[in-house]
Amino acid sequence: MARMKFLCDAERCIECNACVTACKNEHDIPWGINRRRVITLKDGVPGERSISMACMHCNDPPCAAVCPVDCFYQTADGVVLHSKDLCIGCGYCFYACPFGAPQYPQATNFGGRGKMDKCTFCAGGPETDNTLEEYQKYGANRLSEGKLPLCAEMCSTRALMAGDGEILADIYKERTVRRGYGSGAWGWTTAYGRDDRGGAFGPGGKGTGGS
Numbered sequence: 001m002a003r004m005k006f007l008c009d010a011e012r013c014i015e016c017n018a019c020v021t022a023c024k025n026e027h028d029i030p031w032g033i034n035r036r037r038v039i040t041l042k043d044g045v046p047g048e049r050s051i052s053m054a055c056m057h058c059n060d061p062p063c064a065a066v067c068p069v070d071c072f073y074q075t076a077d078g079v080v081l082h083s084k085d086l087c088i089g090c091g092y093c094f095y096a097c098p099f100g101a102p103q104y105p106q107a108t109n110f111g112g113r114g115k116m117d118k119c120t121f122c123a124g125g126p127e128t129d130n131t132l133e134e135y136q137k138y139g140a141n142r143l144s145e146g147k148l149p150l151c152a153e154m155c156s157t158r159a160l161m162a163g164d165g166e167i168l169a170d171i172y173k174e175r176t177v178r179r180g181y182g183s184g185a186w187g188w189t190t191a192y193g194r195d196d197r198g199g200a201f202g203p204g205g206k207g208t209g210g211s
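All residue numbers for the sequence shown refer to the UniProt record's numbering, where the first residue is 1 and numbers rise by one.
Some hints here could point you the wrong way.
To be verified - As a list, the in silico SDA-like pairs of lysine to any residue whose alpha-carbon atoms are at most 25 Å apart:
(1) LYS137 x GLU11
(2) LYS137 x GLU48
(3) LYS84 x ARG158
(4) LYS115 x LYS42
(5) LYS24 x VAL45
(6) LYS84 x PRO126
(7) LYS137 x SER83
(8) LYS24 x LEU7
(9) LYS147 x ASP129
(10) LYS42 x ARG158
(11) LYS84 x VAL66
(12) LYS115 x GLY146
(13) LYS84 x LYS42
(14) LYS115 x THR157
(15) LYS84 x GLU26
Keep in mind the hints are simulated off the structure, nothing from the lab. A quick note: this is a predicted structure, and the numbers were derived from the prediction, not measured.
Kindly produce the complete structure, drawing on both the sequences and the hints.
Written out as structure tokens, the structure is:
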């Protein structure tokens, strides 16, 4: 079974924010709230890089570990979702998430901040797929239609990718080699594991994806 993941290549991101716009339009997200955002490091100085950031759909999500009402769950594809019917808006998930993915979408009466909202990997929520109720709470469910998240599909430089984590890792490994870092790059086996087929990617050093 595939484990769905995001991967953003900082060498390719041009900070166009097309991913942010696509996400907001596809899910009708209110003004002032972004499920996805572009972060720039070393802004204006040599070495500047940008990266598109959202929920990374962790294998062992800390948001689920701290939620007092167990509203978070994982699908068979590894996508981390939550039930807004169970959410009490305590905010523990926001502080536990290393990416700051869960957010309060809007203020409510008497100082309340409502239910938490976050990236769904375009997989909807616990309601029946592609119903109006599901869309109103979580946005579009593209995954049930055999489509990948729109943010990745709209990325013109292919900096942001989405899909099977193992395939994404193979694509990024080849990009790394083409940039001259090779299999001796620091952390290679830690990040990707050892390849027993021989060479960097197996016989002939073949892989998938561009530089």
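Okay, the hints, checked on the actual structure:
In summary, the hint linking LYS137 to GLU11 is not supported, as the alpha carbons are separated by about 35 Å, beyond the 25 Å threshold. Pair hint LYS137 plus GLU48 does not hold up; C-alpha atoms about 37 Å apart against a cutoff of 25 Å. For the hint linking LYS84 to ARG158, the alpha-carbon distance of about 32 Å lies beyond 25 Å, and the restraint is violated. The hinted pair formed by LYS115 and LYS42 fails the criterion: a straight-line CA distance of about 34 Å is larger than 25 Å.
The suggested pairing of LYS24 with VAL45 is violated, with an alpha-carbon distance near 30 Å, which exceeds 25 Å. Note on LYS84 and PRO126: the hinted pairing holds, with a Cα-Cα distance of about 9 Å set against a maximum of 25 Å. With a C-alpha separation of about 9 Å, the suggested pair LYS137 and SER83 falls inside the 25 Å cut-off, and the hint holds. Restraint check for LYS24 and LEU7: the C-alpha separation of about 19 Å stays at or below 25 Å, so the hint holds.
Our distance criterion of 25 Å between C-alpha atoms is met by LYS147 and ASP129, whose separation comes to about 13 Å. With a C-alpha separation of about 22 Å, the suggested pair LYS42 and ARG158 falls inside the 25 Å cut-off, and the hint holds. Pair hint LYS84 plus VAL66 holds up; C-alpha atoms about 16 Å apart against a cutoff of 25 Å. Between LYS115 and GLY146 the alpha-carbon distance is near 28 Å, which puts this suggested pair outside the 25 Å criterion.
The suggested pairing of LYS84 with LYS42 is violated, with an alpha-carbon distance near 37 Å, which exceeds 25 Å. Between LYS115 and THR157 the CA atoms are separated by roughly 34 Å; this puts the pair beyond 25 Å, and the hint is violated. Simply put, LYS84 and GLU26 have alpha-carbon atoms about 19 Å apart, close enough for the 25 Å limit, and the pair holds.
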